[in-house]
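Sequential numbering from 171 applies to the sequence shown in our numbering.
Hints are computed from structural coordinates only; laboratory data are not their basis.
Careful: at least some of the hints might be erroneous.
To be verified - Computed cross-link-like contacts, BS3-like style, restricted to lysine-lysine with a CA-CA straight-line distance of at most 27 Å:
(1) Lys337 x Lys349
(2) Lys197 x Lys185
(3) Lys349 x Lys197
(4) Lys334 x Lys232
Unchecked claim - Pair by pair, the computed Cβ-Cβ distance ranges are:
(5) Pro206 x Arg179: 47 to 57 Å
(6) Glu300 x Arg243: 27 to 37 Å
(7) Glu342 x Tyr221: 25 to 35 Å
The beta-carbon is built from N, C-alpha and C at its ideal position, and this holds for glycine as well.
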Amino acid sequence: MKNTEKTDRRVRYTKMFLRESLLALMKEKPIAKITPTELCRHANMNRNTFYTHYDSPEALLKSIEDEMYEQVRSSIERSLVSESISTLLTEICQVIYDHRDLCAVLFSEYGDKDFLRHIIDLAHDRTISEWLAAGIQSDGEDAEMLYTYSVNGSVSLIQDWILKGMKKSPRELAQFIEKASYYGLQGFLRK
171 MKNTEKTDRR VRYTKMFLRE SLLALMKEKP IAKITPTELC RHANMNRNTF YTHYDSPEAL
231 LKSIEDEMYE QVRSSIERSL VSESISTLLT EICQVIYDHR DLCAVLFSEY GDKDFLRHII
291 DLAHDRTISE WLAAGIQSDG EDAEMLYTYS VNGSVSLIQD WILKGMKKSP RELAQFIEKA
351 SYYGLQGFLR K
């Protein structure tokens with residue numbers, strides 16, 4: 171059992187070093203320009219060790235994104251039972267805040283532009299159903315257009331928040347997004 175624990179610890183340590191090295195390199199260049207050799211050199215390990223865990227730097231990035239996505243998804247699912255959109259937004263902003271070093275790279279010039287949108291889309295169904303329950307005068311197509319408009323604004327605000335050092339708390343940012351969305355929705359409510 172101790173041998174397995176030692177191996178697991180080494181694997182976690184190796185993966186952590188590879189992740190940190192990839193994120194450091196992504197601050198300087200896009201993922202497509204990072205080679206396994208460069209990544210291994212930066213992590214101070216050999217290529218065989220890298221290939222034991224990942225097929226490519228892109229696969230490593232995908233595993234980092236998948237891990238964060240899963241944390242956001244789990245958090246949102248816990249709050250979906252009885253919570254509001256405000257709580258969902260706060261949950262999303264909190265996970266992003268908790269992973270700010272990773273997010274600063276992912277949402278930067280060389281990061282994955284679609285990753286944040288993918289995270290925000292986790293709240294899609296809940297958001298649409300809450301809007302319709304609140305009395306939005308809209309057919310399904312208009313509700314989708316409104317959601318797209320709202321999400322793009324939210325994504326831009328979150329990216330700006332990250333890149334400017336996250337001066338507002340996750341809750342403050344979520345409240346701002348909710349307030350901006352609420353007033354934007356007023357034109358669509360039944361009178």
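Here is how each hint holds up against the structure:
Among the hinted pairs, Lys337 with Lys349 is consistent with the structure: their alpha-carbon atoms are about 18 Å apart, no more than 27 Å. Proposed proximity of Lys197 and Lys185 is supported: the alpha carbons are some 19 Å apart, at most 27 Å. Of the pairs offered as hints, the one joining Lys349 and Lys197 is violated, with about 33 Å between alpha carbons and a cut-off of 27 Å exceeded. A distance of roughly 25 Å separates the Cα atoms of Lys334 and Lys232; the hinted pair therefore holds under the 27 Å criterion.
At about 24 Å, the beta-carbon gap between Pro206 and Arg179 misses the expected band of 47 to 57 Å. Evaluation of the 27 to 37 Å hint for Glu300 and Arg243 yields a failure: the beta carbon distance comes to about 18 Å. Glu342 and Tyr221 have their C-beta atoms about 44 Å apart, which leaves the hinted 25 to 35 Å range violated.
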